[in-house]
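A.B. asks: Listed here are the chains, written in short residue letters.
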Amino acid sequence: MPEPPCSVVIENLVKRFGSFVAVDHINLAVRKGEVFGFLGPNGAGKSTTIRMLCGLLRPTSGRALVAGIDVARKPEAVRQKIGYMSQKFSLYNDLKVIENLRLFAGLYSVPAGELRGRIDWALEMANLKGQENLITGTLPGGWKQRLALGSAVLHRPPILFLDEPTSGVDPISRRQFWDLIHEMAQEGVTVFVTTHYMEEAEYCNRLALIFRGKMVTLGTPTELKRDSMKGDLLLVECDSLGRAVEALQSAPGVLDAAVFGSALHLVVAGAAEASPRIRSYLAERGIAVRRIEQIRPSLEDVFVSLTAGHGARQEATA
Amino acid sequence: MFARLKQMLIKEFIQVLRDKRTRFILIIPPIVQMLVFGYAANFEVHLVPTAVVDFDHSQQSRDLISRFTSSPYFDVRRQLDNSRQLRDAIDSGDAAIGLEIDAGFAQKLLKGQAAPLQVIVDATNSNTALITSSYVTQIATGFARDYQLDRIGRIDPQVVEQLPSVQLRQRPWYNPDLRSRWFFVPGVIGSLTLVLVVVLTAFAVVREREIGTLEQIMVTPIGRAEFILGKTLPSFLIGLFDVSLIALVGTLWFQVPFRGHILVLLAGSVLFLLSMLGVGLLISTISSTQQQAMVTSFFFIMPAITFSGFGFPISTMPQWLQYCTYLSPLRYFLVVLRSSYLKGVGMTILWPQMAAMAALSSFFLGVAILRFHKALD
Chain X
1 MPEPPCSVVI
11 ENLVKRFGSF
21 VAVDHINLAV
31 RKGEVFGFLG
41 PNGAGKSTTI
51 RMLCGLLRPT
61 SGRALVAGID
71 VARKPEAVRQ
81 KIGYMSQKFS
91 LYNDLKVIEN
101 LRLFAGLYSV
111 PAGELRGRID
121 WALEMANLKG
131 QENLITGTLP
141 GGWKQRLALG
151 SAVLHRPPIL
161 FLDEPTSGVD
171 PISRRQFWDL
181 IHEMAQEGVT
191 VFVTTHYMEE
201 AEYCNRLALI
211 FRGKMVTLGT
221 PTELKRDSMK
231 GDLLLVECDS
241 LGRAVEALQS
251 APGVLDAAVF
261 GSALHLVVAG
271 AAEASPRIRS
281 YLAERGIAVR
291 RIEQIRPSLE
301 DVFVSLTAGH
311 GARQEATA
Chain B
1 MFARLKQMLI
11 KEFIQVLRDK
21 RTRFILIIPP
31 IVQMLVFGYA
41 ANFEVHLVPT
51 AVVDFDHSQQ
61 SRDLISRFTS
71 SPYFDVRRQL
81 DNSRQLRDAI
91 DSGDAAIGLE
101 IDAGFAQKLL
111 KGQAAPLQVI
121 VDATNSNTAL
131 ITSSYVTQIA
141 TGFARDYQLD
151 RIGRIDPQVV
161 EQLPSVQLRQ
171 RPWYNPDLRS
181 RWFFVPGVIG
191 SLTLVLVVVL
201 TAFAVVRERE
211 IGTLEQIMVT
221 PIGRAEFILG
231 KTLPSFLIGL
241 FDVSLIALVG
251 TLWFQVPFRG
261 HILVLLAGSV
271 LFLLSMLGVG
281 LLISTISSTQ
291 QQAMVTSFFF
301 IMPAITFSGF
311 GFPISTMPQW
321 LQYCTYLSPL
331 RYFLVVLRSS
341 YLKGVGMTIL
351 WPQMAAMAAL
361 SSFFLGVAIL
371 RFHKALD
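Respectively, the protein sequence lines represent chains X and B.
The C-terminal residue of the first sequence carries number 318 in the working numbering, and the numbering is unbroken.
The C-terminal residue of the second sequence carries number 377 in the working numbering, and the numbering is unbroken.
Isolated chain B (complex conformation):
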């Protein structure tokens, strides 16, 4: 049994290591993708291009605008003369946000009335628009509050001291600076591993089927277990190698803190890799050409990543879709990854994720092995 398995493994590793292109594919693209994702996958909003039309030309309106100018979130590039120019700036994408202050702004404030500030947001990307709007709100309420306090202070300084207020003391745990990179990098480790291992495993078998070597192997006395192990064990080890590689880039280059226990992450990675081997093998049993395997892989990969909570929070999906997410092993692995990196929690908290991945692994591998028997017929 082991002699034959050993021969299979020797062969697999010779094939992987001899081919320059394969060696390259296993090392360079994962690192490059990690770097690209690490820099690109970002929800933070900085220096939003901003255009301003001020019809009021009052000290108050200038004060309000200066608050935007000095904010790190806005880049007030243009002071325009009329609404038409503002519209054009937004249409052409020169500005993502437009502020229009009507004549009479200062006067209304003086009279104690509500002074309007028109905010036009390019909401093509609803997410950035939402975040930008909230920054505008912060600045506007800050301005209003300061103006109110100033007015009251002039009338009666003592009242100002007695004005009640709520002071927020925000403590963002695990990621105090709210860096979205800290959220994304662990996610990228999971997603990259998913794509790599599924495709690698599916292709390892389908390529042999396509070029005919599978048949030659099958007429030898090799058992199916030996063959399947011989084909999947290399993918598993390569997967483990790549997880470590990408994780290292995330930790050393992007400085995402690793607070958990390495063994917990290892256990999670092993379970996750097993489930991906199962999926890859399953794809190989329903594909007879590499092209089919590629297409089938994408049918799996896209929803598996979408349902994992990699980018879109699962809690905001409709209920029925949330049920679907339980089928994506990546969903659990991402929890393990993020918890290991940022929270530093251990098995006592992560065991349900581990159990779910173990269950999905057994399911996918089981079905794949059962189908593999048939596929040879």
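Excised from the complex, chain X in its bound form:
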């Protein structure tokens, strides 16, 4: 069976701002119809990458192909094929809903014959039917964001770039938003989305984890949770979390220790033999353990474990 064509191909992409390397030799390929997540903390280089893919920034070196076109060479040719939603809401607040839609339909050269149908479809999709004449600035956050998505897909682009689309949106709107994304993906639209919400990352078909401009790992959420941890994960509930985590970081057999809410997550080589050792290790230091058990890692655990190692390595070489 032939490989499905790739919608986005990134080869050795680098972006420097002065001496700061925002994006550091990233390589990846996004398949058609995939919901591809770009996960990382703020400042990791997610937005910079997506802006290069949209032709808003010129790469320092390397290449990005979007719909088979080199973005840096022919940004204009790429634009008809992509939809882009930026991190910040960036439609015109002083225009009415319908005026924003008409403007973007016009800028994307939606044919006059289809204009009505497309705008209706976008309103339907954004659940804004009947609200056409509201001034955009007065809409609640979730509505604005659906309108932004609606405006970005008026021209039915095969590829959609969403830069932290759900930041500042309530959980229910966020859920609805992701339903929309999946509907579009089912129709064959490739969705490239950045986020720093771990639970959102779970909605993606595949994820790239990015940290300090470098890609740390790539895979499906299940693969990442299964393969990326270097050991077993233990949940420890105990007193004086701060002192405990400090002590455990240098304890023998503990690969990593971090505070997660009101408990500790420990990465150990083997859960079975480590549990009693940790219980006594903490007891020796006067810390009572209430509960200790092996748990399945979440994406957040994966992320913390991978970036901690990465950071440590970087600091060691620095």
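These are computed hints drawn from the structure, not numbers from a lab.
Quick caveat: nothing in here was measured; it's all calculated off a predicted structure.
Wrong hints could be hidden among the right ones.
Covered stretches of chain B (in silico footprint by chain X; criterion: 3 or more residues with CB under 8 Å from a CB of chain X, positions within the stretch not fixed) [what the hints assert, rightly or not]: (1) 2-9; (2) 14-24; (3) 210-221.
In the DSS-like style, the derived pairs of lysine-lysine whose C-alpha atoms are separated by at most 30 Å in a straight line are [said to hold, decoys possible]: (4) B:Lys-6 <-> X:Lys-96; (5) X:Lys-129 <-> X:Lys-81; (6) B:Lys-6 <-> X:Lys-88; (7) X:Lys-96 <-> B:Lys-20; (8) X:Lys-129 <-> B:Lys-6; (9) X:Lys-129 <-> B:Lys-20; (10) X:Lys-32 <-> X:Lys-81; (11) X:Lys-88 <-> B:Lys-20.
C-beta: ideal position from N, C-alpha, C; glycine also.
Dock chain B against chain X, hints included.
C.D. replies: What follows is chain B alone, placed relative to chain X:
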């Protein structure tokens, strides 16, 4: 191409016309400023507060003082008793000019000697002081001449008839009453347009950059030419509207005569507006926030107006500064404005100004468009 440009223009005009504040800003302040400038910008000197100390108390000294009292330029408010009071009056600003006539004034005149009249001028504002002094000179020489003729006439009336003299026949062309308002009003039209269009254009782009809409527009297939035209054409049309509005106020309210051809003024306005669009656009490419745009605009606006000959004559500036004035498009527009209003001359005389503005427009617009490409990166 035109479909997308049309969409941009529709959007721009909806934005301008929907916002009450924007509508207000485009109409009311230009009119108010025109009215304020029209009344305030004035070099004429009338009714200068004057204080007098007369130690002589002679008929001659009283005659001299009465000439000041009856002059429209002086307002002799106070007759003081000593020099100290005179000094105080000038210090406190009660009087801008002080006249002191020493005892013996009449006697010296009678003896045929030079009789001193001490004139103290508050020269804090050197310009008004200069003008006031010249009025004092006129009155004093007039008095002296009349006194001389009177004396000679008493000795020998025939000699008076044979005394040679030069009679001035002043013909102030274009502004026979020497009204400084006629000079200023056309200048105000130019300066107001400059400020308005530069700020409007710079902000139109920078605001979009600041709120992020610029990025959203840039990921659409819109071309840079379409975008730039879409942003500048509204400023241009608004600028043209405001020039007409302010010019109407100048003509109808202040009654400054318009003697030239309206098409000549229109051509000059178009060229001037183009250069200001270029400057505004250029400012927008080097500013990322509206605050920066504001500060940068002022760096341009202040020298552009100073170097234009709006208030200070260019011919009195030092040579090297005079070269700088060639860079201010307003300099040329003011010539076109004043010539169109007062002189009524046409293209045959104004073509060098038109050519200079065309050259500066191409330069500013060219650099702005080149920089605009980079600024998006």
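A.B. asks: Determine for every hint whether it applies to the structure shown.
C.D. replies: Checked hints:
1. 2-9: holds (count 5)
2. 14-24: The restraint on the segment 14-24 of chain B holds, since 4 of its residues have a Cβ under 8 Å from chain X and three suffice.
3. 210-221: holds (count 10)
4. B:Lys-6 <-> X:Lys-96: holds (17 Å)
5. X:Lys-129 <-> X:Lys-81: holds (26 Å)
6. B:Lys-6 <-> X:Lys-88: Within the cut-off at roughly 26 Å; holds.
7. X:Lys-96 <-> B:Lys-20: With a Cα-Cα distance of about 16 Å, the restraint between X:Lys-96 and B:Lys-20 holds, given a limit of 30 Å.
8. X:Lys-129 <-> B:Lys-6: holds (26 Å)
9. X:Lys-129 <-> B:Lys-20: holds (28 Å)
10. X:Lys-32 <-> X:Lys-81: holds (13 Å)
11. X:Lys-88 <-> B:Lys-20: Judged against 30 Å, a Cα distance of about 26 Å means the pair holds.
In terms of the numbered hints stated before, the structure departs from none.
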